[in-house]
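Chains as they are written, first to last, in the numbering used here: chain A, 1 to 367; chain B, 1 to 188.
In case anyone wonders, no lab produced these hints; they're calculated from the structure.
Among the hints, erroneous ones may be present.
[Said to hold, decoys possible] To be clear about the criterion: a stretch of chain A counts as covered by chain B if any three or more of its residues have a C-beta under 8 angstroms from a C-beta of chain B, and this derived list gives those stretches: (1) 21-31; (2) 209-222; (3) 252-266.
[Unchecked claim] Residues of chain A placed beyond 10 angstroms of chain B at every Cβ, according to the derived structure: (4) P96; (5) P116; (6) D130; (7) L242; (8) R298; (9) T320.
In this text, a Cβ means the ideal position worked out from N, Cα and C, and glycines have one as well.
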Amino acid sequence: MSREDSDIVAVRDLPPGRPEPTDESVHRTWHRITEARREARPRTPSRILVPVMAATIVAGLVVGGALVFRPGAEQLGVGTPSDDKTSEPNLTPAPPETVAALNALADAATRAALPPPQVKPGQLIFVRHDGWAASFHIGVGAAPEEANPPKPASTERPEAGGSATAELEEGRIEEQIRELWFDPEGMVTLSITDGRTDMGVDPDTERGVFEQSGPSLDQPTPAWLASLPTDPDQLRGKLRELMGEEEAWSTDHALWSTLQEFYLRTDLLLTPELRSALLRSFTGLLGLTSSEAMVDGRRLVAVRHTERESGDEILFDPATGAAVGRRSVTSSPDVTVSAPAGTPRLDPGVTYQATWTQKIVTSVGAR
Amino acid sequence: MRGGASTGMTTPTTPAVIDPADLAGVFDRYARDLLRYCTRRVGEQVAEDVVAEAFLVAYEQRDRYDATRGEVLPWLYGITTNLLRRHRRTEVRALRALARADGGSRAAEGPARRATERVDAERAVGRLSAVLAKLPRRQRDVLMLFAVAELEYAEIAAALQIPLGSVQSALHRARAKVRAALAEGDAR
Chain A
1 MSREDSDIVA VRDLPPGRPE PTDESVHRTW HRITEARREA RPRTPSRILV PVMAATIVAG
61 LVVGGALVFR PGAEQLGVGT PSDDKTSEPN LTPAPPETVA ALNALADAAT RAALPPPQVK
121 PGQLIFVRHD GWAASFHIGV GAAPEEANPP KPASTERPEA GGSATAELEE GRIEEQIREL
181 WFDPEGMVTL SITDGRTDMG VDPDTERGVF EQSGPSLDQP TPAWLASLPT DPDQLRGKLR
241 ELMGEEEAWS TDHALWSTLQ EFYLRTDLLL TPELRSALLR SFTGLLGLTS SEAMVDGRRL
301 VAVRHTERES GDEILFDPAT GAAVGRRSVT SSPDVTVSAP AGTPRLDPGV TYQATWTQKI
361 VTSVGAR
Chain B
1 MRGGASTGMT TPTTPAVIDP ADLAGVFDRY ARDLLRYCTR RVGEQVAEDV VAEAFLVAYE
61 QRDRYDATRG EVLPWLYGIT TNLLRRHRRT EVRALRALAR ADGGSRAAEG PARRATERVD
121 AERAVGRLSA VLAKLPRRQR DVLMLFAVAE LEYAEIAAAL QIPLGSVQSA LHRARAKVRA
181 ALAEGDAR
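Given the sequences, and given the hints that come with them, work out the whole structure.
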């Protein structure tokens, strides 16, 4: 079998006369990249829930224990976020106050003993996701594009002012409501709306991946969840094994990022034993810190993984140990976030904040 | 034409460490490959949209890129192929339009040899387009990544996140249909 076989050549040359990409086409494509704006995209939940570039393109992290506690609120004493700027994989063990906070959450999960609902065949998981996201204009290079138009990519890098790093400019806080319906068998996304209109999903693709790859942290099933170990050390080993090795980023960073999505879809399916074991297993992860956060008037525990100058948080209810939301934080000097009238003032450095509720429903559209 | 030298516009074959965080550098190196692949599938205008979005998605998800599992280009092709699925109707519509070229080819009966050859070629394009339009999405993705993107089996498997055996199976089935369509023309 060769690529010079007539059938392959015929496919390659279809449609006939199709020219090679022109410099103009390359130029226009680069221009589209530089003009792109952050906006929600309906392909996967992660790309819908977090505006484009929110979690990863943002440089910097919140430093110096910057979370603002509301006056008069009794603090939980769960620590402060990391003030270490890390450009390498963060291999710092969780500080004692974070270990204590996670163990306290695990104890709360055991006490609350929230019973997971029995999911009957055909039933779905509905998630209502209330978020606030900083919508950024993405700029690439330091100079204004009008003054320094991008060059064709074949000749030189389309940079300006010597910088080719994508930069964020001013972000404005916007409300971001999402309603999601998942098939619990693989957490296949069946539908997503912004609260009013359907945003379009591709369940066939997700289901195909699930059928090929089987259950995972990304696509769990109730049976797979029930098979996870409840010994914290074994569970931590299992979670890291599921993530595999990362080269540029630490395994625990990838794990924490994945767990944000995992909790969004599956928290209500966790048994008290597994919920507790997960929290205790986190005490051995590297790069975690914790703090108290006030979100929509609720006092929550924010557990953050900090790496490569960004912080990813999962928000836990201190009364039940349940995961109820997530945040992204930054302290990059290149990022400014404004809150227009009618939008909440997020804690310093927070570029994205959301809480969720979950329930079992019988069909897409049921709430 | 990956690594080819004929056009002077293709991906260098020299191995190099590419950092997915270097958006401009990745664009410089791979934009033409992705544009060529997408343009053949959905036309130039849609291709530019898809490729631009693919680079933004890749940058956004750069922490998910695992260099131990393959090079950047197959990873980019995987993202691009996923994005192309939104434009399946565009692709199939274009293929069907090409397929219809087979319908009005009575001029093949004419005496002029060049005209006959041209019509034969049009018929072949029509048959081939009709087959491609009817291929299941997975088979078409695998075939196009093999024929146009010139990825190896393992790279296609990595790009589409499917087992190697599925790549081989899909490619075998797709090629069997393409060959049958071309052979049908030869038998006329």
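Each hint tested on the structure:
1. 21-31: holds (count 6)
2. 209-222: holds (count 3)
3. 252-266: The restraint on the region 252-266 of chain A holds, since 3 of its residues have a Cβ under 8 angstroms from chain B and three suffice.
4. P96: holds (28 angstroms)
5. P116: The claim holds: A/P116 sits with its nearest Cβ about 29 angstroms from chain B, beyond 10 angstroms.
6. D130: It holds; A/D130 is separated from chain B by about 23 angstroms at its closest Cβ, greater than 10 angstroms.
7. L242: holds (14 angstroms)
8. R298: Non-interface label stands for A/R298: nearest chain B Cβ at 29 angstroms, farther than 10 angstroms.
9. T320: Fine: 30 angstroms to the nearest Cβ keeps A/T320 off the interface.
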